[in-house]
Amino acid sequence: MGQSTLQVDENRHTVEELEDLAFELRSKLLQLCGTYEGAVHIGGDLSVADILTVLYHYGMNVDPTDIANPARDRFVLSKGHAAVCMYIAMAMRGFFSYEGIVETYGQLDSAYGMHPCKVQLPGVECSTGSLGHGLPIAVGMALSARGRGESHRVFCVLGDGETGEGSVWEAAMAARSNELGNLVAFVDRNRQLMTSFDEERVVFEPYPDKWAAFGWNVVLADGHDMGQLVAAIDALPAADSNRPTVVICETIKGKGVDFMERNLAWHAGRLGAADLERALTALNSTRKKETV
Amino acid sequence: MAETFTFGEMLSARSVIGSTLAELGEQYDNLWVLTPDIGATLVEFRDKYPERFLDVGLAEQVCVGIASGLAYDGNIPVVSGMLPFLSMRALEQIRTDVCYPNLPVKIIGTHGGLVGNGGSTHYAVEDLALMCALTNMTVTSIGDPLMVGEILRQSMTMAGPIYIRLAVGKSDKVLYEPGQHEIRIGKGIVAREGTDATIFTHGTVVAQALQAAEDLAQEGHSVRVVDMFTLKPIDEELIVRCAAETGGRFVVVEDHLAYGGLASRLADVMADRGVHLTAFERLGIPQVYAGFGEDEELRDKYGYGLAATIAATRRVMAAQP
Numbered sequence: 001m002g003q004s005t006l007q008v009d010e011n012r013h014t015v016e017e018l019e020d021l022a023f024e025l026r027s028k029l030l031q032l033c034g035t036y037e038g039a040v041h042i043g044g045d046l047s048v049a050d051i052l053t054v055l056y057h058y059g060m061n062v063d064p065t066d067i068a069n070p071a072r073d074r075f076v077l078s079k080g081h082a083a084v085c086m087y088i089a090m091a092m093r094g095f096f097s098y099e100g101i102v103e104t105y106g107q108l109d110s111a112y113g114m115h116p117c118k119v120q121l122p123g124v125e126c127s128t129g130s131l132g133h134g135l136p137i138a139v140g141m142a143l144s145a146r147g148r149g150e151s152h153r154v155f156c157v158l159g160d161g162e163t164g165e166g167s168v169w170e171a172a173m174a175a176r177s178n179e180l181g182n183l184v185a186f187v188d189r190n191r192q193l194m195t196s197f198d199e200e201r202v203v204f205e206p207y208p209d210k211w212a213a214f215g216w217n218v219v220l221a222d223g224h225d226m227g228q229l230v231a232a233i234d235a236l237p238a239a240d241s242n243r244p245t246v247v248i249c250e251t252i253k254g255k256g257v258d259f260m261e262r263n264l265a266w267h268a269g270r271l272g273a274a275d276l277e278r279a280l281t282a283l284n285s286t287r288k289k290e291t292v
Numbered sequence: 001m002a003e004t005f006t007f008g009e010m011l012s013a014r015s016v017i018g019s020t021l022a023e024l025g026e027q028y029d030n031l032w033v034l035t036p037d038i039g040a041t042l043v044e045f046r047d048k049y050p051e052r053f054l055d056v057g058l059a060e061q062v063c064v065g066i067a068s069g070l071a072y073d074g075n076i077p078v079v080s081g082m083l084p085f086l087s088m089r090a091l092e093q094i095r096t097d098v099c100y101p102n103l104p105v106k107i108i109g110t111h112g113g114l115v116g117n118g119g120s121t122h123y124a125v126e127d128l129a130l131m132c133a134l135t136n137m138t139v140t141s142i143g144d145p146l147m148v149g150e151i152l153r154q155s156m157t158m159a160g161p162i163y164i165r166l167a168v169g170k171s172d173k174v175l176y177e178p179g180q181h182e183i184r185i186g187k188g189i190v191a192r193e194g195t196d197a198t199i200f201t202h203g204t205v206v207a208q209a210l211q212a213a214e215d216l217a218q219e220g221h222s223v224r225v226v227d228m229f230t231l232k233p234i235d236e237e238l239i240v241r242c243a244a245e246t247g248g249r250f251v252v253v254e255d256h257l258a259y260g261g262l263a264s265r266l267a268d269v270m271a272d273r274g275v276h277l278t279a280f281e282r283l284g285i286p287q288v289y290a291g292f293g294e295d296e297e298l299r300d301k302y303g304y305g306l307a308a309t310i311a312a313t314r315r316v317m318a319a320q321p
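Top to bottom, those sequences are chains A and B. This note's numbering applies: residue 1 is where the first sequence begins, and numbers increase by one. This note's numbering applies: residue 1 is where the second sequence begins, and numbers increase by one.
There could be a bad hint or two in this list.
Simulated restraints on C-beta separations [said to hold, decoys possible]:
{"id": "1", "chain 1": "A", "residue 1": "Met194", "chain 2": "B", "residue 2": "Asn136", "range": "25 to 33 Å"}
{"id": "2", "chain 1": "B", "residue 1": "Glu92", "chain 2": "A", "residue 2": "Ser110", "range": "21 to 29 Å"}
{"id": "3", "chain 1": "B", "residue 1": "Gly293", "chain 2": "A", "residue 2": "Asn242", "range": "43 to 51 Å"}
{"id": "4", "chain 1": "A", "residue 1": "Glu99", "chain 2": "B", "residue 2": "Asp29", "range": "37 to 45 Å"}
If you are wondering where the hints come from, they were derived from the structure by calculation, not from laboratory data. Where is the CB? At the ideal position from N, CA and C, for every residue including glycine.
Go ahead and model the full structure; you've got the sequences and the hints to work with.
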């Protein structure tokens, strides 16, 4: 099985450092969106950017130099259309080169495409993209860990929209039935589908109650408040406990760029050079406000 | 496993699955067995390896999704259930979560064809067409209950997924004496030699094809029967050889839609390889949602029973080149 433990990073990032990293992630996302010829799922990338930052730079026990270590925490991006946000978050953690992503994204034979592919990019844990598929896979990984007596966790990030898929709730039921306290789901609750706002077209509320009714340990957090995200991770029940945890993160689709926020036009899109400048200016202004 | 068998004896394919998995569970400590509430035959494995057995209840999609997660993590998952539901309710999970990353998940199940008298909700009649369409998938359909165990054993070392189709699996005729034929995934079995025509078949109707050949032998005809239990990858060389050795006279009999199953696989090979036949007949389920009835009654009603097989074979043998 190889080495059974990972070196725990003693110098975990502070909340301020994580905020800096999330800002850098958003800037890099916009740069890519401004140079790539095709559409990028920028709205959902920006809503999940803080969650992926806190997972890759604080919450998950992973080692970019030892990607197959059996003791690593597993990560499943169920909202696979946020792949580029994950690639860049992973690049910032040392898994990939950001330049490699920007230079080849979406091009013929690139490992970096719109939805993550394990075959083309072995650094990711699994192939996703079809919504509602990630949590069942994560349940399988968590069961595997239990079966082998391993103590790592399995993290799964879902969009709230995809929890309209029945397979998500099959998985929620299976996770509770098998007492998978080593499974942690983060829901990016940006309250938007591709073409409508959640509660207008599909009623999700009372959303936390739904997860609670399936027997999950439910944690609520502001998905753009790094302090709250860190606190949620610090408070996770032990991996050998018997209830799966869902952290429902209230987020804003397009977060950080005023003209994209809560704007249905920016589910996916491309930025020209002029709009890239506008977007970066908008992002920078949020940074200034926060630091004032 | 201390059972003994005699040629022609009836045996339950389900019990062979159960005992084979229990045996393999010892050899492979990463073998998992999962089921969506169809676990009656899996109790031997469940009792021996409860920590590697999972009944998710009625939830085919998560059952296959979990199998994918287990396989990503280095395990060998076997998903056992009823094929009309596994092959369709969980089709996208099979395609996207298993075949796309090419994981060693085995899908094994019953109710392939018009069997079990459950009506069209409970007959898997298009499953082979669906599974053959999936890149990386190996597709098999097994008639002989003892073969099921052998195929499961061979599948343990496969890198990618496999689909194993059975009929009802409660009482099946043992077709082959153990050791009589080489059983190898991807290789058709010449179940009976002959030179006048070839009947290609798979699954539960292999026994019927053998009976047809035997009846025709009484009239002096020499009919070959090929058990093409692997539909994908198909044994092209055997098809080409049979065309040459049996006068280009083919009959296909299968308990599946007549278009989309083995007959279509054969037709593709013949077109691709430029094989010219003297006569070709396909017997299978027409474009209907079949109603109730016993297996044999339904086969007769829809034109792929014993009498229809004999009649079709007579026609191809009588065809002018």
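Hint check:
Distance hint check: the CB atoms of A/Met194 and B/Asn136 are about 30 Å apart, consistent with the given range 25 to 33 Å. A C-beta distance of roughly 25 Å is found between B/Glu92 and A/Ser110, which places it inside the suggested range of 21 to 29 Å. Judged by the Cβ atoms, the range 43 to 51 Å given for B/Gly293 and A/Asn242 holds: they are separated by roughly 49 Å. Hint check: A/Glu99 to B/Asp29, Cβ distance near 43 Å, so the stated range 37 to 45 Å holds.
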